[in-house]
Amino acid sequence: MASSQSSSHQEPWLLENGNLKSLTKEMRHGHGRTAHNLSATSLRKKSDLTLISKIPYVCLRQMLANLQEVVFGTKLFVLFPAIPLAILAECYGFGRPWVFALSLLGLIPLAERVSFLTEQIAYYTGPTVGGLLNATCGNATELIIAILALKEHKIALVKYSLLGSILSNLLLVLGTSLFCGGLYNLRSEQKYDRRQADVNSLMLLLALLCHLLPMLFRFAGASAALTADPTLQLSRASSIVMLIAYAAYLFFQMWTHRQLFEAEEESEGDGDVAEEKPAIGFWSGFAWLLGMTLIIALLSEYVVATIQDASESWGLSVSFLSIILLPIVGNAAEHAGAIIFAFKNKLDISLGVALGSATQIAMFVVPLCVVVAWIMGINMDLDFNILETGSLALAIIATAFTLQDGTSHYMKGTVLLLCYVIIGACFFVSNPPFNQANVINSSGLKMTTKAVFRV
Amino acid sequence: MDMENGDSKGLIVEKEHHHNGRTMPQNVSSTSILRKKSDPMLVSNIRFKMLRQFLANLQEVILGTKLAVLFPAVPLAIVADMYSFGRPWIFALSLLGLAPLAERVSFLTEQIAYYTGATVGGLLNATCGNATELIIALFALRQNKIHVVKYSLLGSILSNLLLVLGSSLLCGGLANLRKEQRYDRKQADVNSLLLLLGLLCHLLPLMFRYATAGLENSTALCTLQLSRASSIVMLVAYVAYIFFQLKTHRQLFDAQEEEEEEEKAVLGFWSAFTWLVGMTIIISLLSEYVVGTIEAASDSWGISVSFISIILLPIVGNAAEHAGSIIFAFKNKLDISLGVALGSASQISMFVVPLSVIVAWIMGIEMDLDFSLLETGSLAFSIIVTAFALQDGTSHYMKGVVLFLCYIVISACFFVHKIPPPTNQTTVNIGVGLSSGSGLTA
Numbered sequence: 001m002a003s004s005q006s007s008s009h010q011e012p013w014l015l016e017n018g019n020l021k022s023l024t025k026e027m028r029h030g031h032g033r034t035a036h037n038l039s040a041t042s043l044r045k046k047s048d049l050t051l052i053s054k055i056p057y058v059c060l061r062q063m064l065a066n067l068q069e070v071v072f073g074t075k076l077f078v079l080f081p082a083i084p085l086a087i088l089a090e091c092y093g094f095g096r097p098w099v100f101a102l103s104l105l106g107l108i109p110l111a112e113r114v115s116f117l118t119e120q121i122a123y124y125t126g127p128t129v130g131g132l133l134n135a136t137c138g139n140a141t142e143l144i145i146a147i148l149a150l151k152e153h154k155i156a157l158v159k160y161s162l163l164g165s166i167l168s169n170l171l172l173v174l175g176t177s178l179f180c181g182g183l184y185n186l187r188s189e190q191k192y193d194r195r196q197a198d199v200n201s202l203m204l205l206l207a208l209l210c211h212l213l214p215m216l217f218r219f220a221g222a223s224a225a226l227t228a229d230p231t232l233q234l235s236r237a238s239s240i241v242m243l244i245a246y247a248a249y250l251f252f253q254m255w256t257h258r259q260l261f262e263a264e265e266e267s268e269g270d271g272d273v274a275e276e277k278p279a280i281g282f283w284s285g286f287a288w289l290l291g292m293t294l295i296i297a298l299l300s301e302y303v304v305a306t307i308q309d310a311s312e313s314w315g316l317s318v319s320f321l322s323i324i325l326l327p328i329v330g331n332a333a334e335h336a337g338a339i340i341f342a343f344k345n346k347l348d349i350s351l352g353v354a355l356g357s358a359t360q361i362a363m364f365v366v367p368l369c370v371v372v373a374w375i376m377g378i379n380m381d382l383d384f385n386i387l388e389t390g391s392l393a394l395a396i397i398a399t400a401f402t403l404q405d406g407t408s409h410y411m412k413g414t415v416l417l418l419c420y421v422i423i424g425a426c427f428f429v430s431n432p433p434f435n436q437a438n439v440i441n442s443s444g445l446k447m448t449t450k451a452v453f454r455v
Numbered sequence: 456m457d458m459e460n461g462d463s464k465g466l467i468v469e470k471e472h473h474h475n476g477r478t479m480p481q482n483v484s485s486t487s488i489l490r491k492k493s494d495p496m497l498v499s500n501i502r503f504k505m506l507r508q509f510l511a512n513l514q515e516v517i518l519g520t521k522l523a524v525l526f527p528a529v530p531l532a533i534v535a536d537m538y539s540f541g542r543p544w545i546f547a548l549s550l551l552g553l554a555p556l557a558e559r560v561s562f563l564t565e566q567i568a569y570y571t572g573a574t575v576g577g578l579l580n581a582t583c584g585n586a587t588e589l590i591i592a593l594f595a596l597r598q599n600k601i602h603v604v605k606y607s608l609l610g611s612i613l614s615n616l617l618l619v620l621g622s623s624l625l626c627g628g629l630a631n632l633r634k635e636q637r638y639d640r641k642q643a644d645v646n647s648l649l650l651l652l653g654l655l656c657h658l659l660p661l662m663f664r665y666a667t668a669g670l671e672n673s674t675a676l677c678t679l680q681l682s683r684a685s686s687i688v689m690l691v692a693y694v695a696y697i698f699f700q701l702k703t704h705r706q707l708f709d710a711q712e713e714e715e716e717e718e719k720a721v722l723g724f725w726s727a728f729t730w731l732v733g734m735t736i737i738i739s740l741l742s743e744y745v746v747g748t749i750e751a752a753s754d755s756w757g758i759s760v761s762f763i764s765i766i767l768l769p770i771v772g773n774a775a776e777h778a779g780s781i782i783f784a785f786k787n788k789l790d791i792s793l794g795v796a797l798g799s800a801s802q803i804s805m806f807v808v809p810l811s812v813i814v815a816w817i818m819g820i821e822m823d824l825d826f827s828l829l830e831t832g833s834l835a836f837s838i839i840v841t842a843f844a845l846q847d848g849t850s851h852y853m854k855g856v857v858l859f860l861c862y863i864v865i866s867a868c869f870f871v872h873k874i875p876p877p878t879n880q881t882t883v884n885i886g887v888g889l890s891s892g893s894g895l896t897a
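So the sequences go chain by chain: A and B.
FYI, the numbering for the first sequence is 1 to 455, going by our numbering.
FYI, the numbering for the second sequence is 456 to 897, going by our numbering.
Calculated directly from the structure, the hints in this document are not laboratory data.
Take the hints with a grain of salt, since some may be wrong.
[Said to hold, decoys possible] Straight line, CA to CA, 27 Å or less: simulated DSSO-like cross-link-like pairs of lysine-lysine:
| id | chain 1 | residue 1 | chain 2 | residue 2 |
| --- | --- | --- | --- | --- |
| 1 | B | Lys634 | B | Lys786 |
| 2 | A | Lys344 | A | Lys75 |
| 3 | B | Lys641 | B | Lys521 |
| 4 | B | Lys641 | A | Lys191 |
| 5 | B | Lys634 | A | Lys191 |
| 6 | B | Lys521 | B | Lys786 |
The structure presented is a predicted model; accordingly, all values stated were derived computationally and were not measured.
Take the sequences, apply the hints, and build the full model.
The structure is reproduced here in structure tokens:
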């Protein structure tokens, strides 16, 4: 139905400014790139090489060019100064909320740069490895934060931040994209291929089942003592199933049905056809990636360590900070990209960004965390609490319904966005005691303790 | 997969016959696909005509299915029971014996439908399509094992929606990777709506209990009344569905097969009828064994009763339909596969379940529609995910993968769910904390 539209529906790029051009160049390159990565490119700008061409030494010049490409290649580079500031603030023992805020700011450009570097490496490794790399590193920031939080046994933080990332992708990123795209293209038809959205919805529903069952398990079970162990076993089994599902999804996406996921853009008109090449070398890209990952890890550690203090000094609950604020920061680059593509009425790419990212977190990062926790001997299960699971269920079902018919208008965006606002408000006012050790336990434990006494 | 062998010919022959009340794809596929054309040569050299006819008849009924290899399990189960072997053995043998019997019953129902005409035949199919499940449920009810009734029916719905449908879409998607796989989504929509109605009928008693957790005594009675009223509503809905399917909108449900071949009934009416009665009695016997030995099997295997009755029982009961559905998916005839899986699920949800409640009512047993939280949650989720998967009228293997994995997760959940079944006869394990009062006072 709507599926045939997307291929016939091509329009030349609007090449007003430099960064768009570089974006088209990169897109032609089918190096296993999903829409998810494509979006980040919209924030890039063509760096100006005239400045450094005056430097005499070749070696130095190359290094500076490289540096310029990596550091200044994004519009978000204005936020880079936050990184040294965060480190300074930590070293000189400033207020911990300051460290938290600066680290968060510093993470924004880093998240974008990591996906840039991944793409650069993908140029050298070929489509399959590149695609796999993208599929695993696409949400590197979230993954690193989650694993560091896991290391400090802050399981609630892991769960909250991953849940928040899914919610933010589904409702905030998608909502603003549809809203802005709908308003900007008020008179033109906004179509997309609903099959891609369907696959993602199904994957998210499977993820929802994996979160739902442990929770129901706990509510249905007689006592906490009786259910804790089975819940853990169930969560681990579910995580393995989810990873299998994600592997099948990658296979589906990269081999058998790649036409569903490729952003079919073939701007034939512009001059610089096909002479696009990686901006930096393989080893240089690799080294940068390692370095960036280390910095991200450092900042993530600050974030994880200081979130409690920030929460106390700002009077915001930890759940609000980690469900709402953290993901906004982590997804900032993708968010901007999705909106820009929605403005251009390329909803397929916007959907690919938002849904692909949500699927990746739900089906890859979350089960990976459970498995890593298992290896580390930490008892992390998939049982989010009822409020969180309820929000997740609503977000997934609302999104799936919204994307049923292959067309869009701004009202859909408005509704999704308002759903996000309400969920945000809900977590803003809910202030559960933050339990460092393990479960989120607000209502569930109360009920089960009652049961323990009775049985 | 096309017609290399005898049995697929027999299948087309039978499929022709829309007007004999064979409109439900459920019956077309599941059963006929597993049949093989029996070879009359074997019996033709026997002298007496009477005996020859009898043997031909016997061969047609007993050996007419590929599942005939499982028939020996039937006498073995009976022998095991008589000589009092280990009860888990009786359970396993009875389960194996039920698989071919379930297929044969629907074969016989079709044979009878040839003689009775479209309407009666359609009604017969609508009631006997899941005869095995119904008989097991009734026997469990007679032995007051209400949780087994609920679990097995719930499991049958789950298995049809997720396992049968999921593996069909998966196999069909992989076999037809380059082709477009389409189906008529209107049929799927009708079934989804019916299943949603069924879900509501299970959801309300559950929420009822949670909502009135504080009030002590009234809940059990109210839930029971509500369940009985809901059951009547469900039966009304099922009658309307039959009417819709057989009279006003039959084109939605017709399996569109156009191969021209004349077919006729292989059995006489009375012969088929006698066989049907005989088979039903054997099924009853085996069902009684199954119900009677399920706890013993659960104890000796270390698997919970809920897992056995939600996962194992339905796999056996649906084996024939399952195989048929997958074979049709291989041939890219998804309409029939969907008809089998969804039709069977709605039949159980809207006919067998309420019928069990009504029968229990007549027998004075207090069975309500309140499955427990975990079970209702799984049911709700299965219905929603199936409805979403079937929204767009096309299919690919990823849909099958997701549905199948959902089934795996749900099975894993019931596998680790080792809470002892309640001694209390009305309720399956309740969330004690919430329904504190009712759980203890009931």
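Consistency of the hints with the structure:
no. : hint                   : verdict
1   : B:Lys634 with B:Lys786 : holds (11 Å)
2   : A:Lys344 with A:Lys75  : holds (19 Å)
3   : B:Lys641 with B:Lys521 : violated (33 Å)
4   : B:Lys641 with A:Lys191 : holds (24 Å)
5   : B:Lys634 with A:Lys191 : holds (24 Å)
6   : B:Lys521 with B:Lys786 : holds (19 Å)
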